[in-house]
Structures are given as structure tokens and as C-alpha cells.
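Number of protein chains: 2
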Amino acid sequence: MKQYQHPTADQITLPCVLHALSDPVRLNYVQCLAQSECEQSCGAIPTPVAKSTMSHHIRVLREAGIIHIRPFGTQSLISLRSDELEKKFPGVLTSVLKAVKSTDVIEQV
Amino acid sequence: MKQYQHPTADQITLPCVLHALSDPVRLNYVQCLAQSECEQSCGAIPTPVAKSTMSHHIRVLREAGIIHIRPFGTQSLISLRSDELEKKFPGVLTSVLKAVKSTDVIEQV
Chain A
1 MKQYQHPTAD QITLPCVLHA LSDPVRLNYV QCLAQSECEQ SCGAIPTPVA KSTMSHHIRV
61 LREAGIIHIR PFGTQSLISL RSDELEKKFP GVLTSVLKAV KSTDVIEQV
Chain Z
1 MKQYQHPTAD QITLPCVLHA LSDPVRLNYV QCLAQSECEQ SCGAIPTPVA KSTMSHHIRV
61 LREAGIIHIR PFGTQSLISL RSDELEKKFP GVLTSVLKAV KSTDVIEQV
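Heads up: the sequence lines are chains A and Z, in that order.
Taken in order, the first sequence gives residues 1 to 109; the numbers are from UniProt numbering.
Taken in order, the second sequence gives residues 1 to 109; the numbers are from UniProt numbering.
Keep in mind that a hint or two might mislead.
Chain copies aren't distinguished; within one or between two, either way the pair holds.
Claimed, not checked - Derived BS3-like pairs: lysine-lysine, alpha-carbon spacing no greater than 30 Å straight-line:
no., residue 1, residue 2
1, Lys101, Lys2
2, Lys98, Lys2
3, Lys98, Lys88
4, Lys2, Lys87
5, Lys88, Lys101
6, Lys98, Lys51
7, Lys51, Lys2
8, Lys87, Lys98
9, Lys87, Lys101
10, Lys2, Lys88
11, Lys51, Lys101
If you are wondering where the hints come from, they were derived from the structure by calculation, not from laboratory data.
The following block holds chain A by itself, in its conformation from the complex (with noise of 0.2 Å):
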């Protein structure tokens, strides 16, 4: 079974954060994940782009430490690390996905 590795929440960086949050596919993804409150595998959410695209945006979301995959027979569940980066980071998460809603990102998409 693969296993994925993930930063500890010490190991989460800011400028990671950000940077796994600034592109619109990603924000989408982080978006629907968001509203979706549970596990997700891989495949539950819709995107615009190619799946071997969409496995790089994944491996950036998780490197920076906003997801956590964990491996459930042949699929991956996805959930946001939403706790522990409120506790890093108060605020940023949740300001940037309230931003989101507000505004065309998902339409650039």
C-alpha cells in the first residue's frame, strides 16, 4: 500500500502555505474540500485538468501540509489538515477560502 509521507505541523512553513494556496486549480481543489467536511478520495472532486496535472497540485497541497492523504485499499482518502494549520496559522485558512467565495476563482479555473 503506499504510503505518503507528510510534515509534521513543526515542518509547515508559511511561505509553503501560500504558495500551495496561489494557484487556482489548487484553491479550487482546497475550496471543495472544504465544503465537502470529510475524506474524499482522489477522484470525488472534479477538476479541469488532466490527472497526471491534477496528482502534481495534490503532491504540492500535501508537501506544503494543508492535506493528508491516507491510503484505503486501492484509493486514497484526502481530508484538509484544516486543524492544525488554524492552530499554525489562525486565520489564513479560513480568510482565504471565505475569499474564494467571494470571488471568480473558481471561473479561472
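Put chain Z on the given structure of chain A with help from the hints.
Frame of chain A, contents of chain Z only:
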């Protein structure tokens, strides 16, 4: 006198703002500007990079709509567009700057 182009509030996008803030040098610079609470000349804030590199960083911040540059004689005075950003993306810049304070971004520069 050199004139600078700035995006209007409508042209400012969340991905561009997050990208501009995702670099430790730029984050540190924005933090210093926020602390100074008034216009600063280009050279007033000490930076750990070469002048040409800093010019690049300042251009990225200007083009993202985070800072405003006003020519003043032979100088360029720089200020944060905090009010416009707060209006467009409530809490984003504020929470990011608070997070900078509590992390080691400056040490990473």
C-alpha cells in the same frame, strides 16, 4: 518621472496576492511596511538580497496589488494597499501578517 502601473481593486486576484506573499523575502518586506504604517522609500527597509533582486520582488508585490509606489522627486515611496486588500479579501493580509509574527519567516530569509 517614472510612472508605475498598478492593478485596480477589480483586477487584484486572490491567487496573485497569495503568490506574491509566498516568498519569505517579500513576506518580510510586507511585514516591515505594515509595521511602519506610512510610506517608505525603496531603500528604507533593510533587505537580505541584492538591489536588483529586491526590485524584482517589489515589482511582484506591485503587480499583485499589494503595494503602491508613488514617485517623489528622485525617490519612490512605497505603501501597503491594506485597506483595498482588506475590503476585497477580508482578513487575508491581516491573518498572514499575524502568522508571520509568530513564525520564523524572517529568520528563513
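Cross-check of the supplied hints:
In this homomeric assembly, Lys101 and Lys2 never come within 30 Å of each other (Cα to Cα): the closest approach is 34 Å inside a single copy and 37 Å across copies. Taking the shortest alpha-carbon separations for Lys98 and Lys2, neither the intra-copy value of 33 Å nor the inter-copy value of 37 Å comes in at or below 30 Å. For a Cα distance limit of 30 Å, the shortest separation of Lys98 from Lys88 qualifies both inside one copy, at 18 Å, and across copies, at 11 Å. When the C-alpha separation of Lys2 and Lys87 is checked against a cutoff of 30 Å, the pair qualifies only within one copy, where the shortest distance is 29 Å, while the shortest distance between copies is 44 Å.
For the identical chains of this complex, Lys88 and Lys101 are neighbours both inside a copy (23 Å) and across copies (12 Å), given an alpha-carbon limit of 30 Å. Only within a single protomer do Lys98 and Lys51 lie at most 30 Å apart by alpha-carbon distance; the minimum there is 27 Å, versus 36 Å between protomers. Only within a single protomer do Lys51 and Lys2 lie at most 30 Å apart by alpha-carbon distance; the minimum there is 18 Å, versus 46 Å between protomers. In this assembly of identical chains, Lys87 and Lys98 lie within 30 Å of each other by CA distance both inside one copy and across copies; the values are 18 Å within and 12 Å between.
Proximity of Lys87 and Lys101 under a CA criterion of 30 Å is satisfied in both settings, with 22 Å inside one chain copy and 14 Å between copies. In this assembly of identical chains, the alpha carbons of Lys2 and Lys88 lie at most 30 Å apart only when taken from the same copy (28 Å versus 41 Å across copies). In this homomeric assembly, Lys51 and Lys101 come within 30 Å of each other (Cα to Cα) only inside a single copy, at 25 Å, whereas the closest approach across copies is 38 Å.
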